[in-house]
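Under mature numbering (1 follows the signal peptide of the UniProt record, and there is no 0), residues -22 to -1, 1 to 506 are what the sequence shown spells out, in order.
Calculated directly from the structure, the hints in this document are not laboratory data.
Even glycine gets a Cβ: it sits at the ideal position worked out from N, Cα and C.
Take the hints with a grain of salt, since some may be wrong.
Below, simulated DSS-like cross-link-like pairs (lysine-lysine); rule was C-alpha separation at most 30 Å, straight line [as the list claims (entries may be wrong)]:
#1 K492 x K269
#2 K258 x K354
#3 K54 x K9
#4 K123 x K110
#5 K434 x K505
Okay, the calculated beta carbon distance ranges per label pair [to be verified]:
#6 N491 x E76: 25 to 31 Å
#7 N363 x H106: 20 to 26 Å
#8 D152 x D312: 30 to 36 Å
#9 Q180 x Q53: 27 to 33 Å
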Amino acid sequence: MFSHAIVGLVIAICAAPALITGSPFSDPHFKDNRSVIVHLMEWTYAEVAKECELFLGPYGFGGVQLSPVTEVAVQKFRPWSERYVPVTYEINGRSGDEKAFADMVDTCNEVGVRIYVDVVLNHMTGSHMKGKGTAGHTYNGKEFKYDGVPYTHLDFHQHPACPTPGDNLDIRSDKYDDPIEARNCQLGGLRDLDQGKEWVRQKQVEFLNKLIAHGVAGFRSDASKHMWPQDLQNITARLTNLITKYFPSGARPMIYHEYISGEKIKATEYTPLGRVIEFKNFDNLARVFRKLGDKRLSYLRNYGAGPQGWGMLPSDDSLVMVDSHDLQRGHTGDITVTLTYFDARLLKMATAFMLAWPYSIPRVMSSYYWPRNVQKVDNQYKDLNDWMGPPHDSQDRIVGVQRMPDLSCDPKVWICEHRWRQIYNMVNFRNTAGFEPVSNWWENKYHSIAFSRGNKAFIAINNDDHPIDQQLNTGLPAGTYCDVISGNIVGGKCEGRQVVVGTGGMAHIVVDNKWEDPMIAIHINAKL
C-alpha cells in the first residue's frame, strides 16, 4: 500500500545490555527473565500478597511498587496525599502494620515478585498540621515536633539555610530549579529535613535497613531532586546488602529517584545513586500517540538515549512509565496531554510500545477509580477531584480488590490496568523478547510502525486513519501465532486473531485503525 514504506531496516542501537552497567543501585534483581514493575497504588498488604500469588507471579511481573509504608498524618477525608506526610518511620498505615507488611514481602518473593517501597525522606508533615498519626503518635508541624522519631526543630532546614522568607519554595517560579532553594526550602509547605545532620541520616538509614531486613529489593525515592546528592550518597552508602534468602550475596538495593526536569539541577547528579525516573518518556509517548506538534509514531525508530535518540538517560540509568499517580492527577505534566485510564485506547497503545521497546525498566500504573472533574482554573486545566483517596468503607478502611472472571477488576472500584489483557500479555512479550535488539523495522512515515525483537517477538501498531495491509518480515520462525493483543491462547487455540508466518519470517499483516486496539503482537511463546 505505501510506496514510501521502509522495509527490513535493522535497528539495534537501543537494545538493553545483558548486564547492568549503571550504578551499584541500578539492578532491580528481577527473578529469571521478568522485567516489569507495577505500581499497586494504595493496595493493602494483604491484597498485594494475594495479587502476587494469583496474578503477578503467574503472569510474569517482576516487581511491585508500594505506596509509602510509614505512619502518616491522618487527614480529613483521607486523601491519597496523606501517604506523603510522614509522622514516624514506623511501618503502620492504611495498608497494614509491620507484620502484614513482612508477610506480604515474603509471599511475593516466594513467587518471584520483588517489592520496591516508595520512601519519603525529604520531609515530614506540613507546617500547619498537628494531631495523631496512623499508629497513634502525636506530632506538631508548627513546632517541628515529631516525638515518635524523634525529630525537633534542630533537624530541619530553616532560614538562613533557606533564603526565601517563610522557608517555602514557590514551585511555579524559577527558584524551583535553584539548588539551594529546591533543596533547603519547604516543598509545598512540608517541613524540610536537613539530611546534613547525622541524627537525621541515622534515623533514615535505620528505616531503610529495616525494610531491607524484611526482604525488599529496593526503593522509589520521593522528591530526590529536593535533597542534596551528597547527603543521599552518605545514606545509601550505609545501607546493608539485600538478604541472601532471596538475593545473591552482596546485592545492593535498587533505588530509583524522582527527578522532574531542570537545567541547574541535573538528572546526572543522581545517576551515581541509582536510576532516575525519566519523565521525558511519558511526555514523548503521549505527544506521539496524541499526534501533537507533528509528533509521529515513525519517529520512534531511534527512541531512547543519546544524541541519535530522543535525548533521554541511558537505559541502565533510568526507569520509565506512561502514567503515574501524580501524572494522572495533573500534579506533574499536562493533564490534557498525559495518557491515563481515562484515555484507555491510547494508554494501551503507548504502554504496548513501551513494553515492546528495549529501553530502561518499565513501570505500569494500576489505579483506583475516582470521578474526574477537569476544569480550567487560573488559565490551567486541573482535576478538582485530584485529592480523592482509595476506595474505603464507612470506617475509612481500604476495601478489597474485586477480581472478575475475565481477570479484570470492578472498574468502578479498582481499575487494575495491569490486569488488562493488552497490558499483561505485553509484559509476557517483553519477558520473551529478553535482550534481543530491534530489527525488521517498518513504517509508513506517519503513524503506523512494525518491528521485531530479533527472532523472538513482533509487533505492529497502527495509529493512522487507515488500515495497515502489508507483507512484512516478522523475524519469527514459520508457523501460526496467536495475536496476544486480541486474545489469549486457550485450549491450544487462539481466542483472538491469528498470524501465519511463512518461510523467511514473512507474514501478511493487517491492522485496522477502527479496531478497539489497533495492534498485533506475536512471539515465540504464542505459537500454536
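Open item on the list: Flag every earlier hint the structure violates by its number, smallest first.
Closed with: 3, 6 and 8
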